[in-house]
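*Asks:* Let chain A serve as the given structure and place chain B on it in line with the hints.
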Amino acid sequence: MKNLIQIIEDDKSVKKLLEITFKEFDFDFISSENKKNALTMFLSHNPDLLIVDLGLPDGDGKDFIKQIREISKIPIIVLTARHDEKEIILALDAGADDYITKPFSVNELLARIRANLRRSSNTVDINNTFICDELKLDINSRDIFLNTDKLKLTPIEYELLKYFILHPNKTLTHKQILQEVWGTGYQNEMQYLRTYVNTLRKKIEKNSTRPKYIITEPSVGYRFNCN
Amino acid sequence: MKRVFIKYKEHMYILKALIILVIITGISHIFKFYLDIINIALIHIIPVVVVAIHGNIKATLFMTFLSVLCLNFLYIPPLYSFNVNNELYLWSFLIFGIVGLIITMQAKNLIRQTKQNQLRESLLHIISHDLRTPLSTIHGSINLILSNKNLNTKKQDSLLEDINYASLRMKRLITNLLDSTRLSNENFDLKLEWCDFEDIIGVTLNEFSQKQNDEKLNIKIDELSLFWGDNTLLAQLIVNLLDNAFKYSKSDTKIDLEIENLNNFIKIKIFNETEFIDKKKLKNIFDKFYRFEDTNDISGSGIGLAICKSIVKLHNGEIKAIAKDRGILIEVELPIVKRVNIE
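Chains as they are written, first to last, in the numbering used here: chain A, 1 to 227; chain B, 1001 to 1343.
Each statement offered as a hint is correct.
Beyond 10 Å from chain A on every Cβ pair, some chain B residues (computed): (1) 1029; (2) 1073; (3) 1082; (4) 1086; (5) 1088; (6) 1116; (7) 1120; (8) 1260; (9) 1262.
In silico lysine to aspartate or glutamate, EDC-like type, Cα no more than 20 Å apart, as pairs: (10) 1191/B to 87/A; (11) 203/A to 1222/B; (12) 202/A to 1258/B; (13) 203/A to 159/A; (14) 102/A to 1207/B; (15) 212/A to 1215/B; (16) 1191/B to 189/A; (17) 202/A to 1223/B; (18) 1171/B to 85/A; (19) 206/A to 1215/B; (20) 202/A to 1260/B; (21) 1191/B to 84/A; (22) 202/A to 1222/B; (23) 206/A to 1214/B; (24) 1220/B to 205/A; (25) 1171/B to 217/A; (26) 1338/B to 189/A; (27) 175/A to 1230/B; (28) 86/A to 1189/B; (29) 1191/B to 217/A; (30) 206/A to 1222/B; (31) 86/A to 1193/B; (32) 1191/B to 85/A; (33) 1171/B to 84/A; (34) 212/A to 1207/B; (35) 203/A to 1223/B; (36) 175/A to 1193/B; (37) 206/A to 1223/B; (38) 1149/B to 24/A; (39) 86/A to 1230/B; (40) 1171/B to 108/A.
No lab work stands behind these hints, which were simulated from the structure alone.
Every residue gets a Cβ at the ideal spot worked out from N, C-alpha and C, and that includes glycine.
Same shape as in the complex, but just chain A (with noise of 0.2 Å):
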């Protein structure tokens, strides 16, 4: 079944780029260029994905995002203009799931939206072991293997990969992950973060700095890539 993709979208050209892209590789959508349209269509339609740009003819995106979230789980990315990272990182706390700025890459869209529509479908888990690419996840037994390889990982490490494998290909906002991880109060030590970032990268990416898992959103946090 196709999926069906729903774009809240006020600027005509990039909600017709959108669409022509969306026709191509053969995603069913329906678009609105307005708050007001987007909540009855998606309470009539149930989409499977949700598109919304920040800045709205009748009002800001992100209480858009907040009022789906009070009644949905559905995958949300933000599409919006370049420069303005407190919005993202705002939209992103309200309940976004990913963003892409524009001028964005056709491919780059379908490559989130593939992935947030994945994750979406495969939540459920039997043995409680998470797999991505080469990474190996054992909550049961607080292993994570690289390919056959046990990592030797602190306990911090451990739960700072652990809450990455279990979020992928979604934005994690700094404060997000510092609250997650380290727990409330240590939402502003971006210091911790980045030191144990670069040490997990050490041990999982062939190169650091040329990350393939742990890839950074500059100024917004990290996200965490899962083919």
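*Replies:* Frame of chain A; chain B shown alone:
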């Protein structure tokens, strides 16, 4: 010697005004029985105006003082003395000063506007040239693809790669233009935080194509602890330095990027081989909008390196360019001001 001459030339107008003052005083003296005191006073304001239009307050005040002194000594009773009988004359002297100051202020405004216009003009020149170059690549390649439906895939891919690279360049130029206005604002605040240079390099490399990275770049990074600085700006610094190295590097030669950890500072070194460069010009390459004349066909604005200098200065560091082994080495030193403390 040359310096002294230039300095002297800059202040030529004061000398001119002095000569005018002498001539005026002479003429007034000869005709003093035909002229009213008011005429003489008005004539004596001329040297003040001549100096004032150059916009230098000190020079204006100096000239006003001299002019008033001459006027007072030679024409205001009691003659040939610096005393004044009628207090009203003191007010007239004050007006000399006020006129001079108003003109100086106006002149200053005008001079500033002219300088801004010059800057704006060179900015426009850069924008039109540097946006046009990648734009013409994009336009040309797209037209070629549109009009030749049966281009083979390999050719088409190479054209698309060109388009991709050109659009990245345009994006970078726009970032630089925005940064250049932002950084030249005096109230600009750094957003200081803990930075991981390895992470920054990773982010930076995403700005360039895979091909450029893999084929041309040698990277060597010392073991570093976190650095206290502005993450976004430091990434922008490395992007601009690498962009510059890619642009001017000789084909089939490597670019070396090295980050060294020296106790009290971090040293970033970027080396690329290049055609012969004028050593004397090297120290100018960080000036706003400077570029080597003979490399004009290579697109690039000179904004990039000027921004590098601003970023390094904001971090209290040093940046310099050195000619070395048939190439150019750019060295950045950033002082370590704070060490991370993780238990």
